Amino acid sequence: MAVLNKIRQRSIFLIVIIALALFAFVLSDLFQNSSAFGDSQDTIATINGNDINREDFMSRVENMQRQMGPGSTTTQTMNRVWEQEVRRAVMENQFEGLGLSVEKDQMRNLLRNNFAEFPEFTNEAGIFDENRLNEFIANLKAISPERAQLGNFQINYNEWVSNEGSIAISAKEQTYFNLVKAGVGATLSEAEVEYDMESASVDVKFVNVPYTSISDSLVKVSKSEISDYISKHKKKFEVEASRDIYFVQFQEAASLEDEKSVRDNVAALLNTRVEYNEVSKLTDTVVGLKATKDIEGFINANSDIKYTNTYVTKSSLPDVAQDSIFNLSVGQYYGPYKDNGMFKITKVVEEKFMPDSVKSRHILIPFIGSRAADMETTQTEEAAKATADSLLNIIKKDRSKFVDLLDFSIDKVSNEQDGVLDWYEYNSMVPEFRDYTFENNKGDMGVVKTDFGFHVIEILDQKAKKRMVKVATLAQRIEPSETTIDDVFNRTSKFEIALQKNDFQDVAKENGVEMKPVNNIKELDENIPGLGSQRTIVRWAFEKGTKVGDYKRFSIPGVGYAVVQVTSVNKKGLMTPEAASAIVIPEIRKEKKAKLIREKISGATVDAVAQSQNLSVSTANGINMKNPTLSGAGLEPKVVGTAFGLKEGETSKLIDGNKGVFMVEVTKKTPAPKLDNYQAIANRLNGSRLNSAQINSYEALKQAADIVDNRATFY
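Heads up: the sequence shown begins at 1 in full-length UniProt numbering, then just goes up one per residue.
Source of the hints: derived by calculation from the structure; they are not laboratory data.
Misleading hints may appear alongside valid ones.
Think about it this way: if two alpha-carbon atoms lie no more than 20 Å apart in a straight line, the pair counts; the simulated SDA-like pairs of lysine to any residue are [to be verified]: (1) Lys223 x Pro210; (2) Lys449 x Pro431; (3) Lys470 x Tyr307; (4) Lys412 x Thr387; (5) Lys449 x Val349; (6) Lys466 x Val349; (7) Lys236 x Gly573; (8) Lys600 x Ser215.
Nothing here was measured: the structure is a model prediction, and the numbers come from that model.
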């Protein structure tokens with residue numbers, strides 16, 4: 001009671017203390033995130049001083065994701081939008097500097113060129129009508145944010161405005177890069193130099209003291225030497241921030257017991273059985289695959305693969321059981337057999353002898369709502385059926401009129417072949433069309449409805465008939481049981497616990513799991529080799545609180561778990577000596593070996609050097625500057641370049657080449673024969689330069705741009 005009284009007496013004081021603590025907590029969070037004191041949380045990037053708004057960027061990513069569909073991940077889509085935004089910002093900076101713009105009349109011409117073929121903007125004569133374009137844009141604005149049909153897709157007003165902007169940017173880019181291309185053309189003097197490099201040649205004799213003549217063990221390279229080399233070649237060793245990790249994987253794979261259970265379950269469905277019904281409190285007789293009369297219903301109720309009511313050839317059956325199934329009689333079954341991660345039983349339901357392939361011709365009559373319908377389709381389904389029946393009656397009376405009636409057909413491709421669909425196999429057509437042409441006879445004619453409309457069909461020819469079967473396959477996936485899944489989780493948890501006191505490598509070895517290294521993971525990477533798309537792991541590895549040695553368990557959907565440990569945190573900037581050693585050590589060794597070789601060489605001629613080093617003199621004839629290769633030595637541009645700078649009969653000093661220390665003597669120089677005109681070579685150079693001018697100039701602008709990239713904060 002005394003304590004309670006004291007609390008009551010000091011309640012105001014306690015409230016103030018608690019309030020201050022809460023305020024300090026909130027305030028520290030605000031400072032940490034800085035969103036209350038700046039707009040950094042609303043800026044996904046800054047390019048050449050211009051901010052890219054986070055919400056606008058994310059909206060573009062969402063729109064792009066809808067267009068790309070499920071085949072593209074969020075990260076892939078985001079990167080695509082990012083490249084577009086960077087290009088827009090970089091190029092806009094150039095446009096402003098040059099005063100490039102797209103005026104109203106030019107914009108109208110651009111829209112005309114881009115949409116000239118769209119029926120929404122053409123009149124009855126098929127000519128582009130600007131009034132229709134204006135009406136379409138006005139309507140889009142009026143119904144915004146609703147969408148309107150444009151060609152094969154739908155668009156709203158904001159998307160139209162964005163599209164206009166893209167068209168304008170493309171036009172300005174074309175103007176800009178045309179200016180660039182105008183300045184990169186090759187002169188006749190450049191063409192002559194190019195010709196000389198290709199056609200002038202030298203013959204040389206040379207000696208090569210290879211770097212391999214000195215053992216690597218005799219040439220030590222220190223860490224400080226590696227650091228000095230990196231400092232002298234900074235551009236070569238600049239890297240982005242990256243992380244190195246180890247991971248082990250615990251897969252939720254079905255055990256042998258799980259496989260046996262699935263196999264037994266499938267096998268049990270073969271036979272009719274009696275089961276107790278908990279609802280009716282009576283026993284039910286459940287018909288099995290052997291005896292069921294409702295094959296489709298049985299398969300769809302009990303199988304992970306739905307029933308397909310179609311005939312198949314032998315080659316379409318599973319490879320592991322192809323012969324066994326195809327040799328069955330109607331009503332017989334084969335299985336259980338294991339195929340493609342499932343246990344299956346396949347029963348032959350029907351058999352039929354059908355053509356190997358068919359040749360037919362058709363007239364396609366669309367109706368409103370059919371897949372073949374276009375803007376000019378006005379017939380209802382009933383009217384289209386009546387038209388097709390009328391055409392069939394005409395053709396039955398006189399087959400020669402078939403071609404004359406193709407004007408009614410919307411299939412313009414086959415119309416060019418007199419409506420003929422040349423030899424096609426069983427599964428090449430939609431089911432209704434296929435069934436008619438394969439299950440009827442040569443010369444038969446009829447009307448068939450498909451999703452595309454009504455087809456007036458004549459079967460022109462059929463190739464030799466062969467046996468085909470209709471099968472019912474009862475299949476169940478081989479999946480881990482709850483017991484197996486729980487066991488995997490427990491093993492993963494024990495692995496984590498063991499890491500608290502033991503080394504990752506030791507724990508992996510004790511648990512019999514493979515430890516896999518993944519190096520050089522970038523901040524915006526998505527895929528981790530061996531784990532696939534795992535953006536969550538990458539984000540964790542780059543969090544501020546994640547240090548070397550930290551580990552974490554991640555759930556991998558459909559696979560199991562991965563335990564990941566960070567093994568290296570590499571900051572943006574120059575590579576560390578350890579990371580660069582594989583590249584730098586061979587270069588430093590080469591420099592040191594070259595010095596050692598020079599010190600032990602005596603003689604001022606090729607023959608003397610060869611004799612002093614107990615080596616043979618080599619020759620190389622017809623060398624040119626465009627292909628600086630020495631026979632037996634490989635690519636040696638420095639050596640070849642030196643040779644071209646010598647006079648005939650002159651000998652070089654020692655040259656540090658790619659493979660060793662060289663000395664060359666020019667035995668013959670053959671200048672390039674003079675040409676009357678070098679225009680053809682200039683044209684070739686122009687073609688090469690123009691092809692790369694746009695790509696290279698943009699990449700140069702992009703490299704020079706000041707880009708602050710905050711995407712990793714949001715993705």
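Verification of the supplied hints:
no., hint, verdict
1, Lys223 x Pro210, "violated (25 Å)"
2, Lys449 x Pro431, "holds (10 Å)"
3, Lys470 x Tyr307, "holds (10 Å)"
4, Lys412 x Thr387, "holds (18 Å)"
5, Lys449 x Val349, "violated (26 Å)"
6, Lys466 x Val349, "holds (17 Å)"
7, Lys236 x Gly573, "holds (11 Å)"
8, Lys600 x Ser215, "holds (15 Å)"
Hint check: violations occur at hints 1 and 5; the rest are consistent with the structure.
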